[in-house]
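Q: The residues making up each chain are set out below.
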Amino acid sequence: MAAPSVSLVIAGSGGAGVVTAGSLLLEAAANAGWYALMTRSAGPQIRGGEAAAMIRFATEPIASHDDSFHLLVAIDWENISRFAAEIPLMANSLLIGDPALGEAPAALLCNSPRQAGLAMSEIASAIEGGRSNMVALGAIAGMIGLPVAAMESVVSRQLRRKGQAAIDASMAAFNAGFAAATGLPAVPRLPGVDAAPNGERWSITGNEATGLGAIRGGVRFVAAYPITPATEVLEWLAPSLAKVGGVLVQAEDELASINQIIGASYGGVPALTATSGPGLSLMIESIGLAVAAEVPVVVVDVMRVGPSTGIATKSEQSDLNIAVYGMHGDAPHVVVAANSVADCLFTTQWAVHLAESMQTPTLVLTDQLLGQSRAILPRPAELAFIGQRQTAVVAEEGQRYQRYALTGSGVSPMAIPGTPGLAYTADGLEHNELGTPSSQASDHQAQMDKRLRKVARFDYGSHWADIVDAEAGGGNIAIITWGSSTGPAREALDRFSAMGGKARLISLRLIAPAQPDKLAAALAGIERALVVEQSHGGQFHRMLRAFYDLPRETLALHQPGPLPIGPGRILDQLNAWRT
Amino acid sequence: MEAAVAEKRKLAAKDYKSDIKPIWCPGCGDYSVLNALTRALAELALRPEEVAVVSGIGCSSRIPAYTSVYGFHGVHGRALPVATGLKLARPELTVLVTSGDGDGFSIGGNHFLHACRRNVDITYIVMDNQVYGMTKGQASPTTAPDWEGSKLTPEGTGINPFQPLVVGLASGANFIARVSASDPINMAKIIVEAVRHPGFSLVQILSPCVTFRPEQQEWRDIVRTAVVDYTDDAARAARRLMTDDGFNVGKVLYKGSRPPFKPEFEVTDGSIAELEASFVI
Ligand SMILES: Cc1ncc(C[n+]2csc(CCOP(=O)(O)OP(=O)(O)O)c2C)c(N)n1
Ligand code: SF4
Ligand SMILES: [Mg+2]
Chain R
1 MAAPSVSLVI AGSGGAGVVT AGSLLLEAAA NAGWYALMTR SAGPQIRGGE AAAMIRFATE
61 PIASHDDSFH LLVAIDWENI SRFAAEIPLM ANSLLIGDPA LGEAPAALLC NSPRQAGLAM
121 SEIASAIEGG RSNMVALGAI AGMIGLPVAA MESVVSRQLR RKGQAAIDAS MAAFNAGFAA
181 ATGLPAVPRL PGVDAAPNGE RWSITGNEAT GLGAIRGGVR FVAAYPITPA TEVLEWLAPS
241 LAKVGGVLVQ AEDELASINQ IIGASYGGVP ALTATSGPGL SLMIESIGLA VAAEVPVVVV
301 DVMRVGPSTG IATKSEQSDL NIAVYGMHGD APHVVVAANS VADCLFTTQW AVHLAESMQT
361 PTLVLTDQLL GQSRAILPRP AELAFIGQRQ TAVVAEEGQR YQRYALTGSG VSPMAIPGTP
421 GLAYTADGLE HNELGTPSSQ ASDHQAQMDK RLRKVARFDY GSHWADIVDA EAGGGNIAII
481 TWGSSTGPAR EALDRFSAMG GKARLISLRL IAPAQPDKLA AALAGIERAL VVEQSHGGQF
541 HRMLRAFYDL PRETLALHQP GPLPIGPGRI LDQLNAWRT
Chain A
1001 MEAAVAEKRK LAAKDYKSDI KPIWCPGCGD YSVLNALTRA LAELALRPEE VAVVSGIGCS
1061 SRIPAYTSVY GFHGVHGRAL PVATGLKLAR PELTVLVTSG DGDGFSIGGN HFLHACRRNV
1121 DITYIVMDNQ VYGMTKGQAS PTTAPDWEGS KLTPEGTGIN PFQPLVVGLA SGANFIARVS
1181 ASDPINMAKI IVEAVRHPGF SLVQILSPCV TFRPEQQEWR DIVRTAVVDY TDDAARAARR
1241 LMTDDGFNVG KVLYKGSRPP FKPEFEVTDG SIAELEASFV I
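If you're matching them up, the sequences are chains R and A in order. Position 548 of the first sequence, counting from 1, maps to 548 under this note's numbering, and the rest follow consecutively. Numbering-wise, this note's numbering comes out as the position in the second sequence, counting from 1, plus 1000.
Everything hinted at is true.
Residues from chain R shown here face chain A by an in silico Cβ test under 8 Å; the list is partial:
hint: 1; residue: Ala30
hint: 2; residue: Ile215
hint: 3; residue: Lys243
hint: 4; residue: Asp253
hint: 5; residue: Leu255
hint: 6; residue: Ile261
hint: 7; residue: Pro417
hint: 8; residue: Pro420
hint: 9; residue: Thr425
hint: 10; residue: Asp427
hint: 11; residue: Gly428
hint: 12; residue: Thr436
Chain R residues, not near chain A, derived (Cβ > 10 Å throughout):
hint: 13; residue: Asn79
hint: 14; residue: Gly117
hint: 15; residue: Ala165
hint: 16; residue: Asn175
hint: 17; residue: Ala312
hint: 18; residue: Ser442
hint: 19; residue: Ala446
hint: 20; residue: Gln447
hint: 21; residue: Ser462
hint: 22; residue: Ser497
hint: 23; residue: Ala522
hint: 24; residue: Glu553
hint: 25; residue: Pro562
hint: 26; residue: Trp577
Only some residues are given here: those of chain A computed to face chain R with a beta carbon under 8 Å:
hint: 27; residue: Ile1020
hint: 28; residue: Arg1047
hint: 29; residue: Glu1050
hint: 30; residue: Pro1064
hint: 31; residue: Ala1065
hint: 32; residue: Val1069
hint: 33; residue: Tyr1070
hint: 34; residue: Gly1071
hint: 35; residue: His1073
hint: 36; residue: Val1075
hint: 37; residue: Arg1078
hint: 38; residue: Thr1084
hint: 39; residue: Leu1088
hint: 40; residue: His1111
Calculated directly from the structure, the hints in this document are not laboratory data. The C-beta atom is built at its ideal place from N, Cα and C for all residues, glycine as well.
Just need the whole structure built from these sequences, with the hints factored in.
A: The following block contains the structure:
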C-alpha cells in the first residue's frame, strides 16, 4: 500500500491478555482516525494459552498484512517460538522483551532483528494495580505516534464499571510505558490524521460482518452447531436475530443444523447455518437434498486448516473442492467467496439474495483469517438486492399446482405451507413437475435441465468478481485469486502500481457456477497470469483449468495454511515478468 | 364462525389422500397407517394447508406424498430436524413426522433423542416393522437378536433390541403411545390425541412388513389392548415400559406436562440500523 503503515505484534502467554490489549489499541487507533487490521493467532490450549495479536495501522484502508512486522512486543517468551513462522521479523524489525524474563528465543532471531528491553513487569509493579500489558501498550503508542488522549477515552469507557481507581491505574501504567518509549529505538511513526467524520468508519470482524450480511439479506432462522472458527458468527447472530424478529437454534449436530434450516426455509423463512470444514462435510448429503427439493438455504463455511480436524484455529483455503464438487449426483448450486473482512457482509447478503432468487442452496466461503480479523474500515455501502423468493399464491383455474414446473428461467413459483389449494410434497427423490416421485429418464432429464438452468441463466451482474487495474492500466499481466488471498494480491498490485507497473487483479467472488465468458472478457489482452491461493493441492488453479481458458503462461502460487502468501511474494513474480 | 366450522367439517378422510398410488406391497401395514392418519386429520378438522407431514427415507417414509396436505420427503434419518425447523419457523402449522424403525432409531437416532429432549410441539409416528423394508429386509435396531432372515446377519444380530418408548420417555418425550396397525380406528383416535397434546408426541405403530417379516401377520392376534390407562408419572411409566413385552397396544401410556420448546419470534423487519450502530466508530 502506498500510504504509511506500521505493523506490530503483541504476544504473550496465558492471562497476559494480548488479544484484549490488541483490541484496546485498535479502538484507540480508531479514535486517532487511523485504519487497522488485526488478526489473532492462538495456541491449541482452550484457555490461557499463548496468543499473538498481529496489527497493522495505516492512514488509509488496509487490505492485507505486510510481509513482515516492524515491531514485536513480547509480554513474556512462553511458547512464543510457536508463532515464529507467522510473525516474520527482519533486520530492521524491533523485538522488545522484558529483561526480567530472560532472553528472546532463537526462533525469533533468524534475521537478526534489533532488540531492546522494556522492564514491563517492574514498571507495572511500581504502580498500584498496574499491569504489564498496559505498560506495553503505552510504549507501543509512544513509538508509533498514537496520542495518549486516544487511549484515555477507550480506557475510561472499558473500565467504567471497575471504577476510577482502575482507570487511573491503567492510565498510569500506560503513561509510564509511553514515557519509556522515548528511550527505545525507532520504528515507523504514523502521522496524525484528521479523524474521518463520525460514522464514516466501522470496527468489525469478518464473522460479525457475515452475521450482519445474513440479517440484511433477510435471514430470520439460523440453526447451527458450534465450531471454531465459525462460532462467533453464531454468537453475534443469536442476540442480533432476536432484535429483528428472528431466532437462532443450537442444534444437536450439523446434520440437524442443515435439516432444520431446510425445514424453516420450506416453511417460507429465509434460513442460514454457519460451520467450518468438518461440519460442512457432515451437511453435504442434505445440501444435495436442498438442490433436488429446490429449497433455498445459505451455508457459511468459515474455512480452517484441513483435512479432518486439522488445525482448528488457523486459516486455509482448502474447502473449495468440497464446496464445489462435494455432492453426489449432478447438483447445480451456488458457491460464493468473500474476499475481505468488509466483503463478508456483501457476499453473505448477496448469497441470501442468490439462494432465495434461485431457490437453491448457496455456500459462502470465508476463512479463519477473514472471520477472526477485526478491521477498522470505511463504512460499508448500503446494499439493496431486489428480487426475492418467487412464491405461488393461488392455484390456476382447474389446474393442479406444479411445484417443479418447467419454466424458462428454471425457477418455479414456490408454495409456502399455509397457502390454500397449493399443497405439494417437496421431494429429494427425482420427481415430475408436480413433485410426484418418478424414475423415468425423461423426468430426470427435464428436472436436471431445469435445476441447471436456474443457476446457469441467472444474471450475476458485475458481482461475480472484483477486478482492479494498476494505475497505469492492466497491461498484459493478471493476478487471479479468490477469498483471503485477495488482500495480499491487492497490496502487491498497489506496490507494483506505485513502481509504474501495469497489471490487473481478478478476484473471483462467484466460484460456482463458472463464468467462462466473463473471465474471458476480463482476461482480454492478458498474456501472463499468476494464480494465488492458500491450498496445498492448488484446488483453485485446478478448478480454473477445468472451467476456463487461461493465458498460456499461467503460474500457480499456492501453499497450505496457516501461513498466508504475503504481498511480497506476489510482487516478486510481477516484477520478474516486467523485466 | 359456525359456518366456518361447518365448512371445516366437510372434509372427510379421503379428502386428505392424494391420488398417488402407494408403492407398498399388498397387505403392508402402512396402508392402514395412511388410513388412520387421514381419518385423524379429518377428525381434527384441519384444513390441508394447515398441516405438514415430514419424512425421511423408507417404505414408511413415503406417506407425505400420499396425503393432500403439505409434505416434505427428505433424506434418510433427518425428518425430525426438518420438522423441528419447520415448526419453529411456522408455529401455527400442525406438523407430523412419519418414520420407520430404521429411519428413526438407527440413522436418525441422535435426532430422536434430541427431539424428545427439545420437546417441540410435533407428532412423531413411527411405523415399526422391526426391519428395513425398503432395502429388502435387513435387521433394524428393533429386530430381535435371533432373527436370521437377512443375508447380512445370517446368524441374527446378537444385539439387544432398542426400546424406543423407554428411550423416548427417558429423553423427555411428552406423550407416548403404542398402537397396532391392525386397528385403524383406534390408531386414528390416538393420533388425534397425540396431535392435540402439546410438545413432542411419540406414537409407535406395530406395522407389519408382510414381505420381509411375513410372520408379523400374526401380530394382529398377539397384540392386546393395554389394561392400564396412561400415567403422568414418568417413573411409573418407566416401570411399565421396562416390564412390557411390546404388545400392549391401543392406549396412551404416558402424558407429560413439560412446556414445549417454542422460542418466541415474529418475523419482522426490526431495526437493522440499530445493529449497525454498534460497529460505528
Ligand atoms: C444415507 C442413506 N443410507 C442408506 C440408505 C438406504 N436405505 C433406504 S431406506 C433404509 C431403511 C429403511 O428402514 P425403515 O426406516 O425401518 O423403513 P421401512 O422401509 O422399514 O418402512 C435404508 C437403509 C439411504 N437411503 N440413505
Ligand atoms: S417391503 Fe415391507 S414395509 Fe415395505 S412396502 Fe413391502 S411390506 Fe411394506
Ligand atoms: Mg422398518
